[in-house]
Amino acid sequence: MQHNLVFKVLDVLSDGKFHSGESIAKTFDISRVSIWNAIKKAEEFGVEIYSVRGRGYKLIQPIMLLKKASIEQVMGEIHHWFNLEIFDVVDSTNTYLMEKASIGHPHASVAATHIQTKGKGRRGRSWQSALGESLTFSLLWRFNGGASTLSGLSLAVGVAIIRSLHRFGILSAKLKWPNDILVQDGLQYKKLAGILIELQGDMEGQSTAVIGIGLNLKLSKKSLNQIDQPAIDLKSLTSDDIDPNLLLGQILKDLADVLGQFNTSKFQSLKEEWMSYHV
Numbered sequence: 005m006q007h008n009l010v011f012k013v014l015d016v017l018s019d020g021k022f023h024s025g026e027s028i029a030k031t032f033d034i035s036r037v038s039i040w041n042a043i044k045k046a047e048e049f050g051v052e053i054y055s056v057r058g059r060g061y062k063l064i065q066p067i068m069l070l071k072k073a074s075i076e077q078v079m080g081e082i083h084h085w086f087n088l089e090i091f092d093v094v095d096s097t098n099t100y101l102m103e104k105a106s107i108g109h110p111h112a113s114v115a116a117t118h119i120q121t122k123g124k125g126r127r128g129r130s131w132q133s134a135l136g137e138s139l140t141f142s143l144l145w146r147f148n149g150g151a152s153t154l155s156g157l158s159l160a161v162g163v164a165i166i167r168s169l170h171r172f173g174i175l176s177a178k179l180k181w182p183n184d185i186l187v188q189d190g191l192q193y194k195k196l197a198g199i200l201i202e203l204q205g206d207m208e209g210q211s212t213a214v215i216g217i218g219l220n221l222k223l224s225k226k227s228l229n230q231i232d233q234p235a236i237d238l239k240s241l242t243s244d245d246i247d248p249n250l251l252l253g254q255i256l257k258d259l260a261d262v263l264g265q266f267n268t269s270k271f272q273s274l275k276e277e278w279m280s281y282h283v
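Counting from 1 along the sequence shown, just add 4 to a position and that's the residue number in the working numbering.
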C-alpha cells in the first residue's frame, strides 16, 4: 500500500470527529476496502483508532501532521532561504541528506518526516518513535571552513533548540554535553531531545554538516518502555499540545540565527549562553 493514502486518511481524521469509511472513500474516489487497509496500516504505525460500526473511524488521540505551508508561515521571509521537504516515511532524514549532500543538494535543505524506520542516534543507537510521538528532521548546512573549524557545532545547535523551547514556555529545558536536551523530573534529568551531526568534507576547505534533531512530543507508555534511558516529552511539560509545525518553524529560525553566528565567530560567541543552560 502507498503510504500517501494512509496519511491522506489521517489528515481527514485529524479533526477528531467520526468519519465513515464510505464518506472517506468518496472523498478520494476509492473503495472502502482501500480505506480499511489504510486504517490498518496506520495502526501498524502506532496510531490508535476507534472503529465503531455505524459511525466509522476516529482517532483516539489527535495527531498534528506536518504541513509545509504552516511551517513556512512561521518562518516568515526567511523561509525562502530553506529548501524544505516533508516525508510521510523515510529510513533516516540524516541518511537522506548525507546522500543528497554528496551530489550537490542545496545549502539549508531540510528533511522532516512523520516516521523514520531506521532513525539514528549517537554511538549506533536508534531513535525510536511512533507516528505523532516526535518531531524528527535534519538540516544540511554548508560551511566555508573545513571540518577542523566546526568544533562546538553540536553545542551551538543545542543553544538554538533551547532558545526555541524557551519561546514556547519550556523554561526547564537544559543542555548536557555534548548533544542532549534534558528536563529535570523529580530527582533525575530526563531526555527531551537529541542531536546527531554528521560531516562531509576535508579537514581544510569547505565542509558540510547534516544536523539531525529528534524531539519527543507525546510518547506512549510502550515507547517509553522501549527507550534505554530516562525520557520525557513536551506533552508532560505543557497543558496544551504544541503544534509541531509551529515548533519546527521556530527551531529553523533559531538555527539560522545561531549557525550564522557560529559561521562568523565560531562557538566562542555562544559559549556564555551555552554555559547558562548547561547542567
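No wet-lab data here; the hints were simulated from the structure.
A hint or two may mislead.
[To be verified] What follows is a set of in silico ranges between Cβ atoms, one per label pair, in the way DEER data are often shown:
{"id": "1", "residue 1": "S24", "residue 2": "W181", "range": "49 to 57 angstroms"}
{"id": "2", "residue 1": "Q230", "residue 2": "K30", "range": "34 to 42 angstroms"}
{"id": "3", "residue 1": "K30", "residue 2": "W85", "range": "39 to 47 angstroms"}
{"id": "4", "residue 1": "K30", "residue 2": "S176", "range": "41 to 49 angstroms"}
{"id": "5", "residue 1": "H84", "residue 2": "T121", "range": "27 to 35 angstroms"}
{"id": "6", "residue 1": "V37", "residue 2": "K71", "range": "25 to 33 angstroms"}
{"id": "7", "residue 1": "H282", "residue 2": "V93", "range": "17 to 25 angstroms"}
{"id": "8", "residue 1": "S18", "residue 2": "G264", "range": "32 to 40 angstroms"}
{"id": "9", "residue 1": "G150", "residue 2": "S18", "range": "52 to 60 angstroms"}
{"id": "10", "residue 1": "N41", "residue 2": "T121", "range": "15 to 23 angstroms"}
{"id": "11", "residue 1": "I64", "residue 2": "G209", "range": "46 to 54 angstroms"}
{"id": "12", "residue 1": "S27", "residue 2": "S280", "range": "50 to 58 angstroms"}
{"id": "13", "residue 1": "I107", "residue 2": "P182", "range": "23 to 31 angstroms"}
{"id": "14", "residue 1": "K180", "residue 2": "I64", "range": "49 to 57 angstroms"}
Just so it is clear, CB atoms sit at the ideal spot from N, CA and C, and this is done for glycine as well.
*So which of those numbered hints doesn't the model satisfy?*
7, 9 and 14
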